[in-house]
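**Q** Turn these sequences into a full structure, and let the hints steer you where they fit.
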Amino acid sequence: MFYFENRQIVTPGELLAEGDYIAGNNTYKEGFKIYASRLGLVEYEGRTVQVIALNTIYIPSPGDQVIGKIEDISVNGWTVDINSPYKGILRANDAFSKPFKQQRDNLASLLDVGDLILAKVIAFDRTTDPTLTIREPGLGKITQGQIVKVSPAKVPRIIGRKASMINMLKRETECKITVGRNGIILVSGPSPENERLAILAIEKIAQEAHTSGLTDRIAEMIRREKGVKT
Amino acid sequence: MSGKIRLIDENGLRVDGRKPNELRPIKMEVGVLSNADGSAYIEQGKSKILAAVYGPREVHPRHLALPDRALLRCRYHMAPFSVEERKSSAPSRREIELSKVIREALEPAIFLEKFPRTSIDLFIEVLQADGGTRCAGTTVAALALADAGIPMRDLVVACAAGKVDGVLVLDLNDLEDKEGEADLPVAYMPNLGLVSLLQMDGILTFEEFKQALNLAVEGCKQIYKLQKEALKSKCVAIKEEVEEACLQ
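Here the protein sequences line up with chains Z and R, keeping their order.
Every number in our numbering is 938 more than the matching position in the first sequence, counting from 1.
Every number in our numbering is 1 more than the matching position in the second sequence, counting from 1.
Source of the hints: derived by calculation from the structure; they are not laboratory data.
Treat the hints loosely; a few may be bogus.
Rough simulated footprint, nothing fancy, chain R against chain Z, three-plus residues with beta-carbon under 8 Å [what the hints assert, rightly or not]:
(1) 1022-1028
(2) 1145-1158
Stretch by stretch, here's where chain R covers chain Z in the computed footprint (C-beta under 8 Å, at least three residues) [claimed, not checked]:
(3) 964-977
(4) 982-996
(5) 1042-1054
Counterexamples of contact, computed for chain Z against chain R with all Cβ distances above 12 Å [as the list claims (entries may be wrong)]:
(6) 957
(7) 1007
(8) 1014
(9) 1034
(10) 1064
(11) 1085
(12) 1097
(13) 1098
Glycine residues also receive a C-beta, built at the ideal position from the N, C-alpha and C atoms.
**A** Right, dumping it as structure tokens:
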């Protein structure tokens, strides 16, 4: 038995469903009752009950692409702020092409405090901090573009169903947009004007993530903005 | 204690004109501070309280971190200007105690085990005090936690009941608290039906205690409705705005 309609707003603790259902994201089950554990929109899909949260906390998971900022340099690696309760660990061996030697290699010359990197989480098990890697094509130090920060909860919305939203954004603004799972987004385009437009659109998506027909509305907004300028 | 001030008049109304089982007017707002991860503000009668949540984040100092769950740290603090006579801003015995009881009232509602080795820092700042601040503080703290996106079993809502001039009353103000016979603050998780804070100051018979507890729980349920509304109002407003724009 369902207690709400699809896409209604629910608060933590509200009873969502009773019976033989599966508790999805942001819900929890006690006996045969499923309750919400976060503020968000409820979604009933088949036997699964889930809540699309309005705000979440980024918990690293292996395989996630994230954007982070070098926070500190230690003896054999860097610590990276990845907008999460846990800080990322990037080991020196991962960043140098030949085996890392303390006497020879200078960590700061490669990545200094304050540098931004695009990385991938390779391991995380809650008892130790997440390990990152930059040893894959496309990963590494970020040298150009602008950064936008949104709640990690909005990331799926910015990508959209089958990447529809992000592809539209890229097409309309001619920007390269790299979305980190931790809610940090890199926008780099041919001109600052294009970047401004993309950032504006991303902020609007984050703001109105829980409304329907968003892709069309954003596309319209970008076209309108472009029209004003040219 | 009694005799000097009449707390219940001949019509059975209280000093501020309320009926015995009536709450003070309550106003709540969520997301009032942009620096904090979550925040909320409450006005309950003349009491005005602000709450801010930071985290889950790294624990400082490091040795306080717990290996299996998050550490909840709570600071209840009264601003020096919150009461008529200036209150020293250093935490008093009472404030340290309230920080502890509010923390313990909220702890069972939060999924602390989802964030091992981190801390959730909660700040409750009383801007103006007129009784019932531990309850209003708990209510507003739960809102701030939900706003921060921290997973919770249920919201926590608190309300006091008590006895003044021999009458059981709901949601005591400062005068009733000081001059009355008993005060019974209760924190309650409305969907789970669990009590997470129960204190009593003064004397009640067992029968009166039972009635007062029921009264307080009923009060909690009323405040809970406002709490839910406050949480939902923000995104409802955006939704309506968008729908309106679509119609034009």
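**Q** For residue 957 of chain Z, is the shortest CB-to-CB distance to chain R above 12 Å, so the non-interface label stands?
**A** holds (17 Å)
**Q** Beyond 12 Å on every Cβ pair: is that true for residue 1007 of chain Z relative to chain R?
**A** At roughly 15 Å from the nearest Cβ of chain R, residue 1007 of chain Z sits farther out than 12 Å, so the non-interface label holds.
**Q** Examine the stretch 1145-1158 of chain Z for residues whose CB is less than 8 Å from any CB of chain R, and state whether their number is three or more.
**A** holds (count 6)
**Q** Is the nearest Cβ of chain R still more than 12 Å from the Cβ of residue 1097 of chain Z?
**A** At about 19 Å from chain R, residue 1097 of chain Z clears the 12 Å cut-off, so the statement holds.
**Q** The stretch 964-977 of chain Z covered by chain R? Criterion: 3 or more residues, Cβ-Cβ distance below 8 Å.
**A** holds (count 6)
**Q** With 12 Å as the threshold, tell me whether residue 1014 of chain Z passes as away from chain R on beta-carbon distances.
**A** Holds: least Cβ distance 20 Å, greater than 12 Å.
**Q** For residue 1064 of chain Z, is the shortest beta carbon distance to chain R beyond 12 Å?
**A** violated (6 Å)
**Q** Apply the coverage criterion to the stretch 1042-1054 of chain Z and chain R: a residue qualifies when its Cβ sits closer than 8 Å to a Cβ of the chain, and three qualifying residues are needed.
**A** Coverage by chain R is violated here, the residue count being 0 at a Cβ distance below 8 Å.
**Q** Three or more residues of the stretch 982-996 of chain Z near chain R by CB distance under 8 Å?
**A** The restraint on the stretch 982-996 of chain Z holds, since 5 of its residues have a Cβ under 8 Å from chain R and three suffice.
**Q** Do three or more residues of the stretch 1022-1028 of chain Z come closer than 8 Å to chain R, measuring C-beta to C-beta?
**A** holds (count 3)
**Q** Are all C-beta atoms of chain R more than 12 Å from that of residue 1034 of chain Z?
**A** holds (27 Å)
**Q** Does residue 1098 of chain Z sit more than 12 Å from chain R, CB to CB?
**A** Non-interface label stands for residue 1098 of chain Z: nearest chain R Cβ at 17 Å, farther than 12 Å.
Figure legend: structure checked against the earlier numbered hints; hints not met, in rising order: 5 and 10.
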